[in-house]
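There are 2 protein chains.
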Amino acid sequence: MNKEKAISIVKPQLTEERFEHTLRVTQTALELAETYNVNKEKVELAGILHDYAKYRPKEELKRSILTSNLPKDLLDYHHELWHGPAGALLLEQEHGINDSDVQQAIRYHTTGKANMSMLEMIIFIADYSEPGRDFPGVQEVRDIVHHDLYRASWLATRNTINFLMQKNATIYPDTFHAYNDLTRQLNGGND
Amino acid sequence: MNKEKAISIVKPQLTEERFEHTLRVTQTALELAETYNVNKEKVELAGILHDYAKYRPKEELKRSILTSNLPKDLLDYHHELWHGPAGALLLEQEHGINDSDVQQAIRYHTTGKANMSMLEMIIFIADYSEPGRDFPGVQEVRDIVHHDLYRASWLATRNTINFLMQKNATIYPDTFHAYNDLTRQLNGGND
Chain A
-13 MNKEKAISIV KPQLTEERFE HTLRVTQTAL ELAETYNVNK EKVELAGILH
37 DYAKYRPKEE LKRSILTSNL PKDLLDYHHE LWHGPAGALL LEQEHGINDS
87 DVQQAIRYHT TGKANMSMLE MIIFIADYSE PGRDFPGVQE VRDIVHHDLY
137 RASWLATRNT INFLMQKNAT IYPDTFHAYN DLTRQLNGGN D
Chain B
-13 MNKEKAISIV KPQLTEERFE HTLRVTQTAL ELAETYNVNK EKVELAGILH
37 DYAKYRPKEE LKRSILTSNL PKDLLDYHHE LWHGPAGALL LEQEHGINDS
87 DVQQAIRYHT TGKANMSMLE MIIFIADYSE PGRDFPGVQE VRDIVHHDLY
137 RASWLATRNT INFLMQKNAT IYPDTFHAYN DLTRQLNGGN D
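The listed protein sequences correspond, in order, to chains A and B.
Take the numbering used here: the final residue in the first sequence is number 177, and no numbers are missing along the way.
Take the numbering used here: the final residue in the second sequence is number 177, and no numbers are missing along the way.
It cannot be assumed that every hint is accurate.
You can't tell identical chains apart in this list, so a pair holds if it fits in one copy or across any two.
Straight-line Cα separation of at most 30 Å, DSSO-like style, residue types lysine-lysine; simulated pairs [said to hold, decoys possible]:
#: 1; residue 1: K153; residue 2: K28
#: 2; residue 1: K153; residue 2: K26
#: 3; residue 1: K48; residue 2: K99
#: 4; residue 1: K58; residue 2: K(-11)
#: 5; residue 1: K44; residue 2: K(-3)
#: 6; residue 1: K99; residue 2: K58
Please keep in mind that the hints were generated in silico from the structure rather than gathered at the bench.
Next comes chain A alone, as it looks inside the complex:
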């Protein structure tokens, strides 16, 4: 699927503000794809489509989770976490997008996961650090993301866990698994 087609699919689903975020994520992700030599077509597609289900009604997202093989424990966590996994699913059902690399990058863009592929990590960190984002720690991530993608992703998961704990919020297990996995990668396999 080319860029124009992907944009024509996602644009009607988003607010103008969210669409601009989408373009910034895509641009940020493409720059990372260049740095790390990752397939640009897949990065571009995942970037453009990652928030496809962002504004679907909660009940529809819930139904997608309940009627698919997505993990049901998602429903025990904040509904903000549902649009990634449900989005990957709905893009396949509604537009036949079945590239599993792209699907996985969309699915995990909010939570991260253990053993992220380069594509997954690029979408995860582009969504976190695109130039429109403004929260404590994001500049540090931007400063290093082009020379240490693992450490940038580790900082992002750590900041996210901290942020959620400050809010007294629960944390989806995949985010913990991402933190532990990236910690091990940075420590050279040791705890």
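Fit chain B to the supplied structure of chain A, relying on the hints for placement.
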């Protein structure tokens, strides 16, 4: 098993300093048992015995984990986490201590877990907050532990996760599960 017998079992296993910690944990735990009306015999036994395996050689703890039904993923995390689960096991093998409530409290005293019993929570928080402990946040836990055991335990898990993330260390999943579970309890079942 009475107090004197338990002490005679554990004392030879510990340094003098660690034995004094053990007595402070036991005293702290007994005060909490009084406040929350929890079985004092079990609390005392778990308090006295919780660090039984603290100074066993790493190789012995590892063997205990490998040759039992303890979760093998413990071995992927810091060895400081092994003495609780291995201790509960060794106390049964070496001294016939098979009260499952006491075993569980010893097993989870370092990591915590989801759905802790009152006994488990009391040993977990007594170990964390006994008067000899001195680290950021511990006084806040002491200040509330006699009127809000759940919040005190939640603060302890949050502080522990923060502390480990500051050290760039991995975090055992049971600690995350404890955090999420206690967060839900404090939020009245909502995320």
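Structure-based check of each hint:
In this assembly of identical chains, the alpha carbons of K153 and K28 never lie at most 30 Å apart, being 35 Å within a copy and 36 Å across copies at closest. For the homomeric pair K153 and K26, neither the shortest alpha-carbon distance inside one copy (36 Å) nor that between copies (36 Å) is at most 30 Å. Proximity of K48 and K99 under a CA criterion of 30 Å is satisfied in both settings, with 21 Å inside one chain copy and 28 Å between copies. With identical chains, the CA atoms of K58 and K(-11) are never at most 30 Å apart, being 33 Å at best within one copy and 46 Å at best between copies.
Taking the closest pair of Cα atoms, K44 and K(-3) come within 30 Å of each other only inside a single copy of the chain (19 Å); across copies the shortest separation is 57 Å, beyond that limit. In this assembly of identical chains, the alpha carbons of K99 and K58 lie at most 30 Å apart whether taken from the same copy (16 Å) or from different copies (21 Å).
Of the numbered hints listed earlier, those contradicted by the structure are 1, 2, 4.
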